[in-house]
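There are 2 protein chains.
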Amino acid sequence: MATLRDIADEVGVAVSTVSRVLNGSPDARVTDEVRERIIATAERLRYHPNHYARGLALGRGSHISVCTWVAMTHHSAHRARAIRQAASDTGCPVVTLDGLSHGRDGIRVLLSHLPMACVLVSGGWRPYQMEPVVTTLHERGVHCLVVDSSWPLDRALPCDTIRADRTQGAALAVEHLVERGHRHIGLISLLQITGRLEGYEQVLDRHGITERYIAPLDPDIPYENDVALTECAREQTRDLLEENPQITALFCSSDVLALAAMEMVRELGLRIPDDVAVVGFDNDTFSGFLPVPLTTIEHPLDEFREATTRLLRARLDDDDGPWRREIVDYRLIERASTASVGKLEVSSARLSAE
Amino acid sequence: MATLRDIADEVGVAVSTVSRVLNGSPDARVTDEVRERIIATAERLRYHPNHYARGLALGRGSHISVCTWVAMTHHSAHRARAIRQAASDTGCPVVTLDGLSHGRDGIRVLLSHLPMACVLVSGGWRPYQMEPVVTTLHERGVHCLVVDSSWPLDRALPCDTIRADRTQGAALAVEHLVERGHRHIGLISLLQITGRLEGYEQVLDRHGITERYIAPLDPDIPYENDVALTECAREQTRDLLEENPQITALFCSSDVLALAAMEMVRELGLRIPDDVAVVGFDNDTFSGFLPVPLTTIEHPLDEFREATTRLLRARLDDDDGPWRREIVDYRLIERASTASVGKLEVSSARLSAE
DNA sequence: TTGTTATGCGCAATCGCTTGCGCACGTATT
DNA sequence: AATACGTGCGCAAGCGATTGCGCATAACAA
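So the protein lines, in turn, are chains A and B. Throughout, my numbering is defined as the position within the first sequence, counted from one, plus 353. Throughout, my numbering is defined as the position within the second sequence, counted from one, plus 353.
Keep in mind that a hint or two might mislead.
Claimed, not checked - Listed below are several chain B residues computed to face chain A (Cβ distance under 8 Å; list not exhaustive):
#	residue
1	G408
2	T449
3	R461
4	A613
5	G641
Unchecked claim - Chain B regions said to be covered by chain A (calculated; three or more residues, Cβ under 8 Å):
#	stretch
6	395–403
7	642–656
To be verified - Covered stretches of chain A, going by a simulated chain B footprint (3 or more residues, C-beta under 8 Å):
#	stretch
8	394–405
9	426–437
10	447–454
11	574–586
12	609–616
13	641–650
To be clear, the hints were calculated from the coordinates, so they are not data collected in a lab. Since this is a predicted model, take the numbers as computed values, not measurements. All C-beta atoms in this analysis are idealised placements derived from N, C-alpha and C, irrespective of residue type, glycine included.
Taking the hints into account, I'd like the entire structure generated from these sequences.
So, in structure tokens, the structure goes:
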């Protein structure tokens, strides 16, 4: 690989001059002729700065690190991928550090590869784990961006943050059902997932609906154990619908659960969406291809990307604005599982049949 | 961060001595007492080598790079994640370079971050793109490992390779159906996906079965366009089953297609697996949670991981063995969609009903 | 003419680590 | 006693980039 020295020798100037010109340094005062020859020679020699030398001299790299904490679900992996792409769009090289928590010194690895800016993407982080990373990086003069943290907003971390408002996402789903005329809406959810219950209550309150049909899943089942969750969701769906035949709609906290619920709805001899409408959450890979395509809430990956690129760019330009907090909105994907079918008559027909 | 110098000053030896001891260099000839004091001091000072300085001195990094070529489907992303984990298991820091093809100088980024070893994972690579990367790295003395390349095996690249045999995967699926007594087996596939047709033919030939029921999907549909593929698969499934009522089993080239096919099977008034058994491919996120859980072929991620770790370790130990070519096998995940139900009687019952 | 400022560029130290070589000392060999 | 060798460690020259400072030359003002 060509070095600065090669260019300097070729052009007949000092290494320092080449460095300043190529970096667009403000105190690179050279004639236009020298400048052009330097740039042309760099191009011809296919010069690319040595990352190690530059990092050593600068005290840190000139790349952006994207870090995750633990192995992820496929949703968080998907999001992490979008964030990486967004970081790439700034033009900086991006390196990923997957699973900072692995080994005893993930953070030391990060520090010895000190980047120019660092993006911490959600997936298994706990606030107490994120804080030392952010503050350590901040002390070292590295800007952080935390994406989709469940970190409470009132807690002041020295970094920018972008998050999706989960309550808004859940509210969107329930609101959609209310708009379709539903008044008796069931919630099937792991209640420890933040926002689901809040969004459900919020919307029903706003519309003056007092009925609540909440089927909590066993909180001891870890959220990544789809098999157990599915089984639990099936049972809860059956119990809920059998005890409350007036229910005409279900909001499930994930598409996998919605799949299980839909299956049970059919086993009970009910039709979707005619007798029971269903909304999921996640817009999973399969949700558009089900026998009855599933209405669901999509993670706003495009918005995450856009905001990530924008905030990183801003930090790379002027270091010292105030910390920004951005919130992006989930989106509703409307499919057949909630298509309007004159809900109220059907449900009363069903009630009289009981 | 503590430096070698800090340790050297503290212990009262030279920097070079500390370096050699900490790196376990063979010509670090020191008394046990000095060695222990160096190690203890390094520990106490929480020493971690500066990656940039080390990289500069060594001419390359001491990490492993995992590179992908373009944005990926969720399957290849999943595989890439497993590979990253495997690389991590060697104990080396791992950095990911996603989308080497992006920008005009992805490879220059890789070269200026020159790693100790480099893993190229599949996903959009074309042979002519992979070759220059591998040979350039090889010239620079960096070992490469290519994982799951569709690169033909007879082409000699200066690197190790691990791949899954797609034909074997497809054969596994068809073999499973034959074992269950099926003789009239349909294939629903994008035929440009390598291995599917070959595996199908291979198994049927081996069992002396001459009947072929092949429903090719429109080759103009890009393989990531699930919506169009799904629609096409539905139509093909209907045509295939209506024209060939003797068919008792379907092998679909992906789980998404299998989902569409199963839906159509039911719309035709047939039961799964009683009338028609179905096998998919990919073991997608939803496949275990369908109304009828889907028998499918799973990507051998564990085997990929194991082989990746093993081959990387070998390279990090002794540089100069011959290039290794490993092949890992797909696995069958048996679920309800192919459960035995006295196939032949049922299918003849169905035939006589026509 | 002399002082001042702007322009154009080079010198050399520095970042933290690696590694070839050399020096001193002790022990074994001839 | 002289030579040889092994042991234990330090010296110092890199690796390739950045950057504060200094030195010319030219232009301009006093």
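Each hint tested on the structure:
1. G408: Check passed: Cβ of G408 of chain B comes within 3 Å of chain A, closer than 8 Å.
2. T449: holds, 4 Å
3. R461: Hint holds; R461 of chain B Cβ to chain A Cβ min 4 Å, cut 8 Å.
4. A613: This hint holds: A613 of chain B lies near chain A, its Cβ roughly 6 Å from the closest one there, short of 8 Å.
5. G641: This hint holds: G641 of chain B lies near chain A, its Cβ roughly 7 Å from the closest one there, short of 8 Å.
6. 395–403: That given contact holds, which follows from 4 residues of the stretch 395–403 of chain B lying within Cβ reach (below 8 Å) of chain A.
7. 642–656: holds (count 3)
8. 394–405: Three-residue rule met by the stretch 394–405 of chain A, so holds; n is 6.
9. 426–437: holds (count 5)
10. 447–454: Check passed, 6 qualifying residues.
11. 574–586: Holds: 3 residues of the stretch 574–586 of chain A have a Cβ under 8 Å from chain B.
12. 609–616: Coverage by chain B holds here, the residue count being 4 at a Cβ distance below 8 Å.
13. 641–650: Contact hint for the stretch 641–650 of chain A vs chain B: holds, 4 residues under 8 Å.
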